[in-house]
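Trainee: So you can see what is in the structure, the chains are spelled out below.
Protein chains: 2
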Amino acid sequence: MAVYTEVPDNEMAAFVAGYGIGDLLSAKGIAEGVSNSNFLLHTTQGFYILTLYEERVCADDLPFFIGLMEHLAQRGLICPQPLRTGDGAAVGRLAGRPAAIVTFLDGLSVRRPTVAHCGEVGRGLALLHEAGRDFGMQRANVLSVPGWRPLAEQAGAEADTVLPGLSKRIFAEIEAHERNWPQGLPSGIIHADLFPNNVFFIKDQLSGLIDFYFACTDAFAYDLAICLNSWCFEADASFNLTKGQALLAGYESVRPLEAAEVAALPALCRGSALRFLLTRLVDWLNVPEGAFVKPLDPLEYDRKLAFHQRVSDAREYGLRR
Amino acid sequence: MAVYTEVPDNEMAAFVAGYGIGDLLSAKGIAEGVSNSNFLLHTTQGFYILTLYEERVCADDLPFFIGLMEHLAQRGLICPQPLRTGDGAAVGRLAGRPAAIVTFLDGLSVRRPTVAHCGEVGRGLALLHEAGRDFGMQRANVLSVPGWRPLAEQAGAEADTVLPGLSKRIFAEIEAHERNWPQGLPSGIIHADLFPNNVFFIKDQLSGLIDFYFACTDAFAYDLAICLNSWCFEADASFNLTKGQALLAGYESVRPLEAAEVAALPALCRGSALRFLLTRLVDWLNVPEGAFVKPLDPLEYDRKLAFHQRVSDAREYGLRR
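These protein sequence lines are chains A and B, in that order.
Under UniProt numbering, the residues of the first sequence are numbered 1 to 321, in order.
Under UniProt numbering, the residues of the second sequence are numbered 1 to 321, in order.
Read the hints as simulated data drawn from the structure, not as lab findings.
Any given hint might turn out to be false.
Intra- or inter-copy, both count: the list cannot distinguish identical chains.
As the list claims (entries may be wrong) - Computed cross-link-like contacts, DSSO-like style, restricted to lysine-lysine with a CA-CA straight-line distance of at most 30 Å: (1) LYS168 <-> LYS28; (2) LYS28 <-> LYS203; (3) LYS168 <-> LYS294; (4) LYS294 <-> LYS28; (5) LYS168 <-> LYS203.
Take the sequences, apply the hints, and build the full model.
Mentor: In structure tokens, the structure reads:
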């Protein structure tokens with residue numbers, strides 16, 4: 001959560017004018033999104049979100065992200081809808097960065113999800129997978145198995161300064177996945193980062209999904225594994241089976257899992273826990289001088305990984321069969 | 001700019017419900033205000049700002065700040081208007097802190113004020129002084145002359161790590177003010193922190209004043225001196241006389257200065273430059289571990305102070321007489 005970029009006077013008003021949404025009345029830097037600078041705009045026509053894309057988002061991927069949000073919104077999914085200028089461009093440049101304006105979504109993200117929230121997000125995730133089926137673009141998941149070894153090497157022996165023995169355990173885990181990663185599962189558009197801070201609720205009802213900047217083409221069940229990791233553990237790293245049941249039942253109420261997905265779920269949960277352990281570890285070891293952002297604890301995902309390593313059947317996550 | 005406090009689930013919705021402004025639909029942490037946590041709220045009735053008061057604001061002063069904003073708004077000044085619960089309370093508690101909700105104001109703060117902006121803010125400052133005349137409460141300016149020596153002692157010899165010789169110059173300046181500080185000037189409610197980030201504009205017209213948490217009872221001309229410091233210098237610490245002329249003319253179009261105020265202006269400008277030099281210096285030397293906030297450069301105010309030390313007549317600030 002951070003505003004990284006300060007936008008010079010007048011430049012913002014001129015940028016907004018291009019989108020034909022009236023005159024700019026207010027712009028507040030908001031603490032939302034980890035990788036980008038976001039501003040909540042008020043114009044004479046309404047409220048909008050302005051995003052300035054910082055380095056971490058590759059400019060070449062923006063047409064995919066923008067196109068995906070447009071596609072999903074057209075399919076009825078509640079997500080930010082990109083605006084286009086009179087020339088038809090969604091992405092422009094502001095303060096030296098690619099920038100876009102999307103619609104403002106109501107809703108509050110929950111810090112401590114309840115069972116009801118887990119059911120809602122399971123259902124929402126399946127709706128997202130269904131809505132993305134006929135989207136024409138593809139994007140490889142750069143943070144799947146082939147991306148893990150380079151991350152582990154980037155952290156290197158320093159990982160052991162965070163927790164003794166961590167480096168060795170990480171490489172062993174990577175090796176196991178490189179040999180046995182599930183193949184040929186039903187695939188399509190996945191969100192790949194549907195943590196509680198990216199899901200909005202109004203009175204326990206899901207009201208929108210945001211932050212599609214990790215979205216890619218990968219196995220649907222991998223997305224589900226990411227959600228099991230980020231929604232169904234308690235603060236002490238214990239797994240809440242009732243939440244798992246709700247999330248999986250919510251998902252299957254829209255899109256029932258195939259047998260191969262059920263069989264793969266423990267491996268996918270391990271892999272996705274490893275993925276967040278690795279990226280958090282690299283961030284943890286590379287906090288820039290004078291950073292505004294507190295890095296997230298990598299060991300939260302080491303503890304979750306340890307849980308998954310002892311799981312052998314998807315029923316242990318609450319899948320009803 | 002920072003959001004310091006994270007508010008637990010449901011607590012915020014319950015807090016908002018007490019104010020009778022409908023159901024909470026959205027709450028975004030915003031980068032506004034230096035000392036407090038601010039959230040932009042959307043409810044079924046409109047947009048509001050929720051402020052959580054952090055340590056730096058003394059809870060005992062809140063009735064003064066809240067009462068002042070209500071008073072000024074009733075007198076027609078555009079400033080945040082505090083809301084009250086059914087019980088008549090403006091300040092409640094949220095996440096262990098005093099908290100209040102005020103109306104949302106449109107407008108953009110300018111990073112590089114133009115001459116036109118300076119004229120507007122001069123006029124706005126005088127309107128604030130006039131609107132505060134019949135406000136019944138008082139609050140001493142704890143950051144005036146008696147507060148400077150303790151700040152300088154807090155910085156101590158460490159000041160010289162920022163710039164060699166700074167400590168000695170500061171104590172000499174304090175001594176000069178302790179002997180000769182202007183007395184008996186027209187006084188009343190002053191904002192005491194009317195920097196560009198606390199003034200909103202829509203298309204070059206002043207649309208509102210915010211952040212009254214340094215407001216106190218002191219000489220009106222001292223407030224004007226603070227504005228000359230914060231609005232009329234260029235980034236290289238050169239004084240822009242045209243901006244000074246506009247600011248002073250704007251002020252006098254509402255409230256002409258008395259002869260004693262004119263005579264005191266150079267001393268007041270020196271004093272107010274010293275006040276911001278001192279608080280910034282203490283902040284600079286005391287950045288907490290893991291801070292989210294980048295401290296402001298104290299030497300900006302050392303350079304401004306040096307300018308004022310060579311001024312002997314208010315006409316050098318652009319006062320037309």
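Trainee: Compare the structure with each hint and give your call.
Mentor: Here is how each hint holds up against the structure:
1. In this homomeric assembly, LYS168 and LYS28 never come within 30 Å of each other (Cα to Cα): the closest approach is 45 Å inside a single copy and 41 Å across copies.
2. For a Cα distance limit of 30 Å, the shortest separation of LYS28 from LYS203 qualifies both inside one copy, at 25 Å, and across copies, at 17 Å.
3. Proximity of LYS168 and LYS294 under a CA criterion of 30 Å is satisfied intra-copy only: 26 Å inside one chain copy versus 38 Å between copies.
4. Both within a single protomer and between protomers do LYS294 and LYS28 lie at most 30 Å apart by alpha-carbon distance, with minima of 21 Å and 18 Å respectively.
5. Proximity of LYS168 and LYS203 under a CA criterion of 30 Å is satisfied in neither setting, with 45 Å inside one chain copy and 60 Å between copies.
The structure does not agree with the numbered hints 1, 5 stated previously, though it agrees with the rest.
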